[in-house]
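The chain contents come next:
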Amino acid sequence: MNMQALLHQILSGLVNGSMYASVALALVMIFKATHQVNFAQGELAMFSTYVAFTLIEVGVPYWAAFVLTLGVSFAVGVAIERFIMRRFRNASPLTAVIVFIGLLVLLNGLVGWIYTYTPQKFPSPFDPSAWYGTIYMSPHEVGMIAVTLVVLAIVFAFFRFTKLGLAMRAAAENPQSSRLVGIRVDWMLALGWGLASVLGAVAGMMAAHKLTLEPNMMSSVILYGFAAALLGGIDNPWGAPIGGFVVGVLENIAGAYLVGTQLKLALALFVIIAVLLFRPSGLFGRTVVVRV
Amino acid sequence: MASAEVPMAAPAATAGSTRRVGRASRGLAALFVVAIVLPFLVSDYYVAKLTQVVVYAIALVGLNLLTGFSGQISLGNGAFYALGAYASAILMSKVGLPYWATPPLVGAICFIVGYLFGRPAARLEGIYLALATFALAITTPQILKLDALAPWTGGNQGVQIVRRVSPIPDQISHDQWRYFFCLVVATAMFVIAWNLVRGRTGRALVALRDHSIGAGTMGISVASYKAVTFGVSAMYTGIAGALGALVAGFISPDSFEIFVSIQLLVGGVVGGIDSLPGTLFGAMFIEFVPDLAGKLSKAAPFALYGVLLIVCMVVMPGGAAGLVRSARAWHARRSLHRTRS
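If you read the sequences in order, they're chains A and B.
Numbered according to my numbering, the first sequence spans residues 1 to 292.
Numbered according to my numbering, the second sequence spans residues 1 to 341.
Just so you know, the hints here were simulated from the structure itself, not pulled from any lab data.
Just so you know, even glycine gets a beta-carbon here, dropped at the ideal spot from N, CA and C.
The reader is advised that the hints may include incorrect statements.
[As the list claims (entries may be wrong)] With a straight-line Cα cutoff of 25 Å, these simulated PhoX-like cross-link-like pairs (lysine-lysine) come out:
| id | chain 1 | residue 1 | chain 2 | residue 2 |
| --- | --- | --- | --- | --- |
| 1 | B | K94 | A | K210 |
| 2 | B | K49 | B | K298 |
| 3 | B | K94 | B | K145 |
| 4 | B | K295 | B | K49 |
| 5 | A | K210 | A | K121 |
| 6 | A | K264 | A | K210 |
| 7 | A | K121 | A | K32 |
| 8 | B | K295 | A | K264 |
| 9 | B | K295 | A | K121 |
[To be verified] Label pairs and their calculated CB-CB ranges:
| id | chain 1 | residue 1 | chain 2 | residue 2 | range |
| --- | --- | --- | --- | --- | --- |
| 10 | A | A79 | B | V315 | 16 to 24 Å |
| 11 | A | R286 | B | G126 | 12 to 20 Å |
| 12 | B | G249 | A | P119 | 55 to 63 Å |
| 13 | A | R82 | B | H174 | 36 to 44 Å |
| 14 | B | G126 | A | L6 | 49 to 57 Å |
| 15 | B | A327 | A | V58 | 48 to 56 Å |
| 16 | B | V34 | A | V58 | 35 to 43 Å |
| 17 | B | P167 | A | A79 | 38 to 46 Å |
| 18 | B | D147 | A | T212 | 20 to 28 Å |
| 19 | A | L258 | B | I112 | 26 to 34 Å |
| 20 | A | T212 | B | I168 | 35 to 43 Å |
| 21 | A | R82 | B | N195 | 42 to 50 Å |
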């Protein structure tokens, strides 16, 4: 086995992993707060990316469009929670799943309606001949990992060091007691949706240059995101990004040396089913014991 | 707790319910007459569409048994639809079986595969099963494209199916013949499903859905009931896939994207996920409404489906069948009031 080729596979696995990490963390955030799995997370990210695409098309510089898109995504996430998901907070799993799937097709159809299904080129903010590009990774790929790590660091710092972050964690952990100490639990959930949407937007914008932008762009990313979130433990925010990077590397190594590129997606399916069956709490999750 | 959910599962003891059964069988007879006469009144184009309605109805019965009755959320029934379609296409084109011999074989294959998938899946609770089946549905086209399977599946090229099935094309066109063939299969499958859900098995399934631990305590073998239901659901969906392939005349991996599963979910939800008659309405909906919405834009049906799924969950979680049920209950309450006063 060629060491250089192996190194290349691992590094580009980490690049893919950075997308999965953001998506997985977004999934975990919503799961922790509501015990629901957001099937529409990928389409939400895709929708945000089209917002960025439109802004860039009308001449807004990349990073300005980036920040504006994060703002719009946040608002969209909050709005979805306030206007749609709120009604289904205590719904049966079936109802919740149906609503999420509804949201998924709605966003997919809406974007397909407006922009058609033709793949679009999405620009990269990183100069292709920049000094940090190597033979293993293009500058965009280095940039993807860097942006993801920065965003993850901000999110974790927010939850760890700010009062609002603490309130959000409290609201997810124990809604009743949080309400008693004066936390507005409803708004914390909406904020969580907004943040998850922002994380998705980052993943989408970073992925779009690599995958080319089209309405079904995220369908494989979300699948790996699920695998990552489950592998890291669906209720563990630290596990999600780790799971993301692990799944990214695993996908590439297995694709190159074990199962071939044609079964890469099936690998995600395999990870999902294997984790659910043999270690439902994932690598870092808590085992939940329910009293009936 | 079970009989309330399954229409007409209660013993027909009172005069009211006897009358209702009488009315239902008259409705059924009328439906049959319409189903038999209709293909002679409309053009072959619409006959083909009606055939697809019948095919969808079978697939929806499969989904409803699994998700509506036994409470196992499946977003991946499109995978079994694909399996059925491919199994039948391969049996016809590579093995040389006639079209009418494939449904039972395909049903058996899909039952086994579904059972094997359902056995471990029975351990997954609600949302996790949804996740696993969702992953299955997304992966399906890629598995169908595998080079290793290409000698049978034709890879990206797909498989062609002979559609000239009518022995008397001058009297009954090929489209009409396919329609009646599907109708016969569908009738048989509906009768089986009806007998399945109205008795002991149906009550067991509903008990599983409403409280699986309680059901276990009552002596229902939770794991095997769940796995068998998965198998039966896969069988229904697979047979529908086989018939669907016959109607389409051509299948390829791209015909089995995640949207097949989503379309089935829409049909199930709109018709009423825990109702067998509702599947007919759901099937008509997913066959004809996209045509109307598609006039606006290629993507419009999806946007519409999305809005509809969400609105349905707010306004009528029971689907069309649920609306009919509550209208009936309202009517009964009102007439009760009238006799009292």
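Violations among the numbered hints, reported as their numbers in ascending order: Of the numbered hints given earlier, those the structure breaks are 1, 7, 8, 9, 12, 13, 14, 16, 17 and 20, listed in rising order.
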